[in-house]
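Going down the list, the protein sequences come from chains A and B.
Going by the working numbering, the first sequence opens with residue 1, and the numbers climb by one from there.
Going by the working numbering, the second sequence opens with residue 1001, and the numbers climb by one from there.
Source of the hints: derived by calculation from the structure; they are not laboratory data.
What you were told as hints is all true, and nothing was included just to trick you.
Pairs of lysine to any residue residues, derived as SDA-like cross-links and limited to a Cα-Cα distance of at most 25 angstroms, are as follows: (1) A:Lys18 / B:Val1200; (2) B:Lys1363 / A:Ser126; (3) B:Lys1383 / A:Tyr128.
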Amino acid sequence: MTEQVLTVKIDGKTLSCKPGQSIIEVADQNGIFIPRFCYHKSLSVVASCRMCLVEVERAPKALPACATPVADGMVIKSQSKIARQAQKAVMEFLLINHPLDCPICDQGGECELQDLSMGYGQSESSFYQSKRAVKDEDLGPLIATNMTRCIHCTRCVRFGREIAGTPELGAVGRGGHMEIGTFLKQGVQSEVSGNMIDLCPVGALTSKPFKYQGRSWGFGSHSHMSAHDCLGSHLSVHTQVTNVGKEQRLMRVLPKESHHVNGTWLSDRDRFSYTANEQNRILKPMFKKQGNWIEVSWQEALTLAAKKLSELKMGQGQLLLSPSVSTEEGYMAMKLAVHLGLETCFSMLKQDLKDQFSGVGVSQITMHDVKQAKNIVMIGSNPKVHQPILGLAIRQAQLAGAKVEHLTASGLTLNYQATQLIAHPRLWVNHLLSHAQSQNIAFEGIKSVNTEVGWGQVDLWVLGEGVLMHPQGSEIRSLVSQMVQATGAKLLILTEGSNTAGLSIVAKELDVNLSDRPYLQKIGIHSEAIWLHQTHPEFDIPFNETIYHQLKKSFVVATSSFWSDQMKEYADLVLPIASHYETSGTQVNVMGHVQSYQAALMPLGESRPAWKVFKVLGQLLGKTDFSEIEALSDIQQLMKLSVLSHAGYDYKVDQLRPANQVSLLNISAKHPMACDAQVRHAEPLQNTMDQLRVRISEQTLQSLDIHSRKTVVLFSGAFSEVLLDISHDIADGCIEFVGDYRELAGSWLQEIELGNGA
Amino acid sequence: MSQLNQVCYRGIEREDSYTLAAYQAIGGYSAWRKILEEKTDRNQIIEVIKASGLKGRGGAGFSTGLKWSFVDKNNPKQKFLVCNSDEGEPGTCKDTLILSKNPHQLLEGMAICAYVMGATKAYNYMRGEFFLQYQRCEQALNDAISAGLLGKNCLGTGVDVEIFNILGAGSYIVGEETAMLESLEGKRAQPRYKPPFPAVSGLYGMPTIINNTETLASVPVILEKGAEWFAQLGTKGSGGTKIFCVSGHVNQPGVFEVPMGIAFSELLEMAGGVRKGRKLKAVIPGGTSMRILSANKTLSMRMDYEDIAKMGSALGSGGVIIMDDSTCMVQALCHMMRFYEEESCGQCTPCREGSGWVYKILKDMVSGKARPDAVEQLYTVAKKIEGRTICAFGEAISWPVTSFIDTFREEFDYIVANQGKSWVESQVAGAHARAFGWHAKDNRDAS
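Work out the full structure: start from the sequences and follow the hints.
Below you can see the structure in the form of structure tokens.
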């Protein structure tokens, strides 16, 4: 059957289109501009701003182009007298109560109302009465409000209701007294709230961190990628050359439309992490001499680093690499590590590395597959928090009718409907086995169990942080991948950082000596020198006193963009590295998209792109193959991302290890707002966190013989007092931190102790 | 004089007219019983309603039989009937009496309509202020369910008609049919853009028919007495009776159910004529949203859809507002526009912004602060709203403003030129135009 094609005429142009399309869609596809405010291609149509009124032949009055479906033979005039009169009338109505404070409005220069008023407005107002004024509301640290400017297009309201699934904004009051607000006055909590700033056609909702920072017309725009989750959203990074010294400044980050990753949206974390770019940066090479930090030249610093590293005997040093660095950077670092015989680790969270090389961190799946899935099972995953863009896709699938099930250790606050199976992590393998049994899938040598899960025929499995941190992670990954092979379902194994996939591929190519045990155990053993690249162990790995003392004892070379307080104590030599936005490179996301980007601005101070630093270091160490590398493209030619073509997961467990019995398990994942140094230094994002609380079940408290409900002392190397939140939806024997638990970073899926408060 | 109260108000002279016993005593529920017993063909009922010439009594005057035929009875989806008892149009107070005095007839009409369209669920949406009416309807509904007439398996025939009485929260715009659907769904009462029309996608996206209270209450009598009887009550184009709510400057304001096409002069006479022998100045024949007519146009006017339309206004909801020669038209309009400014839902731009602007200009006129070009501006602003909004609220603002200015231009010019001084005060003996004009008690009692 061929698809029906309609023919319409817009402004004299004969166009073909599909039934069901609206006039504005057809016009947009063919480059005919019809003015609009409330219409947005990703949101529902409300036809309320009336700006897109057009003349349709044989219709008694002007019709809204956004809500009028095309019909065969329709003749549409968007510039006729009737249409222009209607559009001008609407513009006049919109402007009478608008403050027209463009000179002091942040939206000035990129305001849809301002732009369209040039074409449809009058130069003089005939409205002389007093204008409406609306009280502003505090929407939190990310969104600045000036609601007097609001034109009631309700894009923000519809975004919350339809896309984000957190209907926090709404209209209150009628007629000219209608106001957009939260009603509850508790601010906006959504993890993707920044998109409302983009959607707002006027200056009612603007970016708080960007408030009064600059005018968009002076900005340079650079395509870039986000580095805070394994999806890698596409960014448009805006920079400005300041008058003084022609220095470049990072002004803001906006989403760049991409069909296969983020669509038109962006998570708040990706949007506002730029604010860290000038915070607490390491600007010069520094060396700690008898406990005091002194500035040294690059020459001295590199010579010193080379000397210290070359003194190492094979197997006596370690490289700890952030999983969010570019593939080129990782390639150079690991090449150096291979030469020096350093043991390398870029899996910060993974507890179980038995299946280290069985998958390259790439899942054979697309975002489209996620949105099309019909029965999704998510194990230990909370994408709303950790991969917000994936969370939106899951929500879209659910709205389209998909069944979503979570296997989790504690109840999740989700923005879509899902059933949650709350179970202690040590029971997860059992649940998988019973599911397999119900689907008649047999595993060689593994006995089945008797529990009920009732997931039915699953067509998409998502394994999240809970599996990454799980001591039986390789068992879970293996069982699920075998079921996937048996049923033809899709599998998405979420990885840490933004470039685990890229780093895994080059690590495999270089045959790197990857650490086979969790870093927590590894770092405890005697190590002469430790090289930290873009990591702060106190935040990035499960941390404890032992590790801290080991770090203090070893010679620590830190190649990093940001300082941390503890780094000043344990590091011995720091080399300033360009930040993510100052770096060119390539990232491979969890779905296998290879994407290169160019630096958006020059590195701050004396910091340099990491690959250059590693190249010189290699040369100083006398490695000839480093001298041949002259440019980033040389590295790109050396790395073969060919492994991608047979990406996937191919590890098979032959027997199950028994789950560890621990009395109290910490099930908190690494805090999303502490995922890397860049995010940790972004003040607006840090301010979005609530007060620290601890979720625990009544039964668990009783079994631990704890009676004090208000404060409890937590023993985990350090003492902390925390508020208890007695919850019903958390598995017994588990404890979870919520709110601001950055400081308690070091104990994911570890046994933890709890005692009565003073 | 024409016979009163033959259809919707039949039997309301009885003190207990709202009880099941009283209603059945005058033949109530006989049409519904007959349908249930005979399993009357649905198309046959539609044909009867079409032949009766019954038109929607809410204001738009669309053929009821035709509307009923739009819903595909074989559509497997859940279908809904909604009775619009919101009655918010200023000057209208007809449905309230049906709800409080004759609720069973409305329920019977709803049951028949629901049967015809194949709806098993029907909602009777009353405005928030109708508390007594709501109680009467609830009582009636419970009695009818107890008697087996309504609810599941009516009279053991397997026909389900579940009716629910709903009390709104007191907004004017919820009387717009699609806004009513939004409100029923628990959302803000904001009209939807049409198409799709409710008959295709209405309540919860299902096929829905929305009829006015008076329309539905007329149905049982039509089926009892026949389409012909009903049609001959009225005129050729407009069958049946119509309830007119005569208010304003008359001696005996009241609600009158009279045959369609009655002479305006006769209706005025029923209401006791213009108060205290004053001269008739103007008439709004169908609620404040309709255009105003000067007295001379109404002299020979007949009260039916066609004749009023010929005069340049519309029958609307039947709220007939009489104004005598002491009325200051600017103040009257200002007062009306205050209502519309308050009641605009705020959804679409021309209405949200325009309603306030129109009111502000009128307030300036009345208080003497208007600019010389204010009348011109008022007219253009009203014209800019018309035809550019989602629902008919735009017209409800625009039509009164433009018709008031067209008909009484000199009064507007006068008040602007004389810093808020009213034309009637200077021209008409005994007229005391006060701040709130024509409606205020002190003004009505003056002279």
